[in-house]
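A.B. asks: Spelled out, the chains give:
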Amino acid sequence: MVNIGTRISELKLRNPTILASGILGETSGSMKRVASCGAGAIVTKSIGMKPREGYPNPTAVEIECGILNSMGLPNPGIEEFKKEIDEIDEIDIPVIGSIFGKDEKEFAFLAKKMEEYGLDAIELNLSCPHARGYGLEIGSSPDIVREVVREVKKKVSIPVFPKLSANAGDIVDIGKAAEEGGADGVVAINSLRAMKIDIHLKKPILYNRVGGYSGKGIKPVAVRCVYELSRELDIPVIGVGGVETWEDAVEYILAGACAVQIGAAVYYRGLSVFAEICEGMKRWMEENGFESIEDFRGVALK
Amino acid sequence: MNYPEIVRIKEIVEENPYVKSIFIPFSKTIEPGQFIMVLIPGVDEIPMSVSRIKDGEISFTFKRVGDATGKLFEMEIGDVIGVRGPLGNGFELRGERILFVGGGTGIAPLLPAAEKAKHLGKENIIVIGAKTKDELFFVGEMKKLGKLIISTDDGSEGEKGLAADIAERVIDEEKPDMVVTCGPELMMKRLLDICVERGIDFQASVERYMKCALGLCGQCCIGEGLRVCKEGPVFDKDTLIKCSDFGVFTRDASGRRVYFG
Ligand SMILES: Cc1cc2nc3c(=O)[nH]c(=O)nc-3n(C[C@H](O)[C@H](O)[C@H](O)COP(=O)(O)OP(=O)(O)OC[C@H]3O[C@@H](n4cnc5c(N)ncnc54)[C@H](O)[C@@H]3O)c2cc1C
Ligand SMILES: Cc1cc2nc3c(=O)[nH]c(=O)nc-3n(C[C@H](O)[C@H](O)[C@H](O)COP(=O)(O)O)c2cc1C
Ligand code: FES
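First to last, the protein sequences are chains W and D.
Counting from 1, one number per residue, gives the positions in the first sequence under the working numbering.
Counting from 1, one number per residue, gives the positions in the second sequence under the working numbering.
Only chain W is shown next, with the shape it has when bound in the complex (with noise of 0.2 Å):
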């Protein structure tokens, strides 16, 4: 019998798919049907100080092998969050709170509020590549990153995976700093620095201009990533990028990974993507003779 369950830090998951922060993850309903399509984590919207109603659209469109998206972080404020978290109660998987705050003060504030609103980790946003003031403009710096995560530790007592971009020098830089701060493990990549011109309007078409690619096209750029920090680090790695099938899912292990996230995969393959990837990855294993995740996470570093 294979087993696909997986253990990041001290939260065990049923499988090793999760919801990616900023998909489906900002109403108590959309977490239950997620969570009710087979996912093994879910990670919220991220959440901040206040209200922030993001960009004007076009916000998201579709481009070569991915998504491209500039959300600018729309977030109901985290004091109204805890209506959606009150609501959720029968969801049997953990829950993941992304955070993003503008300092190591609001990202421990806010990661205290999580954990006494009943959730089961923190995500530090430290990435997020289209938001002036947060997000990447704060994760490029490792002494901050290993700041805020080392402030975030003092302040809650659940696990803290901090959310890196390839975008910021060497992510392995970043990652050890996190390391060092405390983090429980880390999460690799947000979606990276990009843009489309619209050729008829001679502009680029995201009313933001600039946003984050996901989905395929970025895959190979994450995989490296989480090959690297796997090797350099100590802490487990969850990888994002592109996963849209079980073989991409396998990928990720072999690079190390304890877990993936799945965001642009959505809308490619559906809610059915959880369920179809655990199935994949199954057969995978048995044909394989691997019983367990453990059994070949990060075969390919050796």
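Source of the hints: derived by calculation from the structure; they are not laboratory data.
Worth double-checking, as some hints may not be accurate.
What the hints assert, rightly or not - Pairs of lysine-lysine, DSBU-like flavour, derived with a Cα cap of 30 Å: (1) D:K28 <-> W:K203; (2) D:K10 <-> W:K202; (3) D:K71 <-> W:K196; (4) W:K83 <-> W:K50.
Stated by the list, open to error - Calculated Cβ distances over 10 Å to all of chain D for the following chain W residues: (5) V172; (6) D173; (7) D234.
In this text, a Cβ means the ideal position worked out from N, Cα and C, and glycines have one as well.
Starting from the known structure of chain W, fit chain D with the ligands onto it as the hints suggest.
C.D. replies: This is chain D with the ligands only, laid out in the frame that chain W set:
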């Protein structure tokens, strides 16, 4: 590719002082009830129901309410906009006698729906409501498609009263097999309750704030994670009864709950 196609406006019709229809080339198949995302370059991209379906051409019909619709209102033939679609699911016209109930700009998607119903040989009864006479539109076209009943809140044309009240009476008089509606959510919620009580088939086209229109961002969700841009905008009776937020609250651009009424 779910990416805006850049097109030039072919024709503009002023339906009343506040409502216009814009015609654009459109070569794909689109069903009544489906919608498009209309890109107004440099301003916004907004959802619009298809209001007329012709060979190689469609229209959408809108009221000036803010920045994006304001800019559209000022546009001229030949101006450039972007279109993504068709998106979502259209109406499924079931039964022989169909009652269409449209309130305000919700009248727009009912025109092609009633046209299709007539084409399918159904018997149409149509109730359209507006605040006042000046805000009515599609009266002439709807008249040709079935028995038309007009209501205005102030009685300046047709019957005085709310479209939902008048529709309730019409339901009892005409005994339709199905009610198809689009308009203010409280109106649609009342019609839903009436149809549940009377055991009448029902579909409504629901509006929620939309961003990605790809089924990803979750901004447009109602009930247990139903994406209006993907599983909607048209929903059945059985689906809507289970949505505890339908007719109770919508969400603004930040995702905060905004209660009706
Ligand atoms: C599936 C669908 C079909 C629609 N069909 C029609 C139609 O046929 N005719 C018509 O007149 N209107 C239609 N609407 C509503 C229309 O999209 C809004 O009136 C329009 O977006 C207003 O934009 P604005 O910038 O002019 O106004 P704003 O000042 O930006 O906003 C006015 C109000 O419009 C709504 N709105 C703004 N942006 C959006 C958005 N991105 N998505 C949804 N609502 C928004 C908000 O609730 C807001 O309160 C439809 C909406 C949906 C969801
Ligand atoms: C529409 C959209 C919204 C997103 N919002 C967030 C967000 O709020 N916070 C975050 O950390 N990442 C966000 N992301 C990035 C994803 O979580 C993920 O890192 C990225 O899309 C790569 O994975 P994918 O290729 O599976 O989509 C968003 C992505 C998309 C497409
Ligand atoms: S608008 Fe993004 S999911 Fe519907």
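A.B. asks: Does each hint fit the structure? Answer for all of them.
C.D. replies: Now for the hints, and whether the structure bears them out:
no. : hint             : result
1   : D:K28 <-> W:K203 : 25 Å, holds
2   : D:K10 <-> W:K202 : 21 Å, holds
3   : D:K71 <-> W:K196 : 24 Å, holds
4   : W:K83 <-> W:K50  : 15 Å, holds
5   : V172             : 30 Å, holds
6   : D173             : 31 Å, holds
7   : D234             : 34 Å, holds
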